[in-house]
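Make a model of the complete structure from these sequences and hints.
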Amino acid sequence: EAGVTQFPSHSVIEKGQTVTLRCDPISGHDNLYWYRRVMGKEIKFLLHFVKESKQDESGMPNNRFLAERTGGTYSTLKVQPAELEDSGVYFCASSQDVGDLSRGYTFGSGTRLTVV
Amino acid sequence: SQKIEQNSEALNIQEGKTATLTCNYTNYSPAYLQWYRQDPGRGPVFLLLIRENEKEKRKERLKVTFDTTLKQSLFHITAAQPADSATYLCALPPSGGSYIPTFGRGTSLIVHP
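Going down the list, the sequences are from chains P and H. Position 29 of the first sequence, counted from 1, bears residue number 29 in this note's numbering, the numbering being contiguous throughout. Position 21 of the second sequence, counted from 1, bears residue number 21 in this note's numbering, the numbering being contiguous throughout.
Don't read these hints as lab results, they were simulated from the structure. It cannot be assumed that every hint is accurate.
Listed below are the simulated DSBU-like cross-link pairs for lysine-lysine, each with C-alpha atoms no more than 35 Å apart in a straight line [stated by the list, open to error]:
id: 1; chain 1: P; residue 1: Lys15; chain 2: H; residue 2: Lys3
id: 2; chain 1: H; residue 1: Lys17; chain 2: H; residue 2: Lys71
id: 3; chain 1: H; residue 1: Lys17; chain 2: P; residue 2: Lys51
id: 4; chain 1: H; residue 1: Lys3; chain 2: H; residue 2: Lys63
Reference listing, derived: stretches of chain H covered by chain P, where coverage requires no fewer than 3 residues with Cβ under 8 Å from a Cβ of chain P [claimed, not checked]:
id: 5; region: 30-44
id: 6; region: 102-109
Even glycine gets a Cβ: it sits at the ideal position worked out from N, Cα and C.
Listed below in structure tokens is the structure:
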């Protein structure tokens, strides 16, 4: 099966600009997660979708971040306007069942965002 | 608040030896603990799950232990190979009932031929 796909793999933007990251989860996975790793820190949870609904967005840093998952398939994460501290690697993951821990989550390769 | 601690220093070992990585946690009692592997430029890849009522779990050359008294998990790779070189992350659910894992910073393992 195809894995989790993220696009773009890299993005360099200027402070104040807008960037949209995309994630295509594994087909049939209702659960989609966004995580972020900033330099030198751990991977941190941002939010969780079940199909098209936001189940938990407790990790979203502020209202400059907007995540959507229209139709319950792919998801986008928009940062507007971008700030320097938004730089990092944004990971998307998916799973069939949030409670099925024995298979873990399948992660994409991430989008490396650099705000200059 | 909860804290997950993994050794930030890289672990260097010779091929064929056993690598042992440590994950310590504080301030709560997680229902499970997972280990992931991450290669440069890639996302984490799930390896193993161990639940709070399990002391040990094995998968091929991997072994994980979970000591809820010490609040510690040990991750062992026996007969390590250069291809095992990667960063290994432990992940636990946050306190408060969510299933969604919180990650440690990871420990880099380097296996020398």
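The hints, checked one at a time:
Annotation: proposed proximity of Lys15/P to Lys3/H holds, straight-line Cα distance about 32 Å (limit 35 Å). For a cut-off of 35 Å, the pair hint linking Lys17/H to Lys71/H stands: about 26 Å separates their Cα positions. Of the supplied pair hints, the one linking Lys17/H and Lys51/P is violated, its CA atoms being roughly 45 Å apart against a limit of 35 Å. With a CA separation close to 23 Å, the supplied pair Lys3/H and Lys63/H stays within the 35 Å bound.
Requiring three or more residues with a Cβ within less than 8 Å of a Cβ of chain P, the coverage given for the region 30-44 of chain H holds, as 7 such residues are present. Taking a C-beta to C-beta cut-off of 8 Å, the region 102-109 of chain H contributes 5 residues in contact with chain P, enough for the three needed, and the coverage statement holds.
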